[in-house]
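Sequences and hints are given; from them, build the entire structure.
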Amino acid sequence: DAGITQSPRYKITETGRQVTLMCHQTWSHSYMFWYRQDLGHGLRLIYYSAAADITDKGEVPDGYVVSRSKTENFPLTLESATRSQTSVYFCASSETQGINEQFFGPGTRLTVL
Amino acid sequence: TQLLEQSPQFLSIQEGENLTVYCNSSSVFSSLQWYRQEPGEGPVLLVTVVTGGEVKKLKRLTFQFGDARKDSSLHITAAQPGDTGLYLCAGDRDDKIIFGKGTRLHILP
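Residue numbers (the working numbering), protein chains in the order written: chain A, 1 to 113; chain B, 114 to 222.
Derived by calculation from the structure, the hints in this document are not laboratory data.
Treat the hints with care, as some may be off.
Heads up, simulated DSS-like pairs for lysine-lysine below, C-alpha to C-alpha not over 25 angstroms straight-line [stated by the list, open to error]:
#1 B/Lys-209 to A/Lys-70
#2 B/Lys-183 to B/Lys-170
#3 A/Lys-57 to B/Lys-209
#4 B/Lys-209 to B/Lys-169
#5 A/Lys-70 to A/Lys-57
#6 A/Lys-11 to A/Lys-57
Rendered as structure tokens:
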């Protein structure tokens, strides 16, 4: 099915472990984004990508790593998970940068114990 | 400092009532967007307003962009339980979209 998917939908891990959240889109959108959503903070941009092999930091990039070897995939890795990274993570894509419609995935709820 | 302030944070009203929620900033935006997010899902775009003073209607929802392009409002007429959700405003800053913290709306049947 066309759209944007995220996996896993739910993940529980322990402090210090590496975790990778997957994001896949079928529209061939150039731009992809990772956000985290926390009570009291709203949606905050972690990283974004303008095209394959082009990534850039957002507002809260520390502790996260991204890659984009293919246009359709944009994985987010927590190299050594911390409790403060417990959150709901959303991937999004759009055709262009700026105030263009962003299409969001269903989110991944990550709990770090 | 939150660039986009949304108010109220929470709103619970009875079905059939009217309501208005607000998105305010001290900065000028070239355009603003409104998204709605339902529990367990990602946000979905409702509207983009691009001209100061612009009014857009989407069925029972009316969106307005302030003349000075620093604020926006969302008015819902005759609210229904299906309107329940988190309403987020978003603006363009340095070619990236930034979001307000949202208004969580609950319509009681």
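Problem set entry | In rising order, the numbers of the hints this structure does not comply with | Of the numbered hints, all hold.
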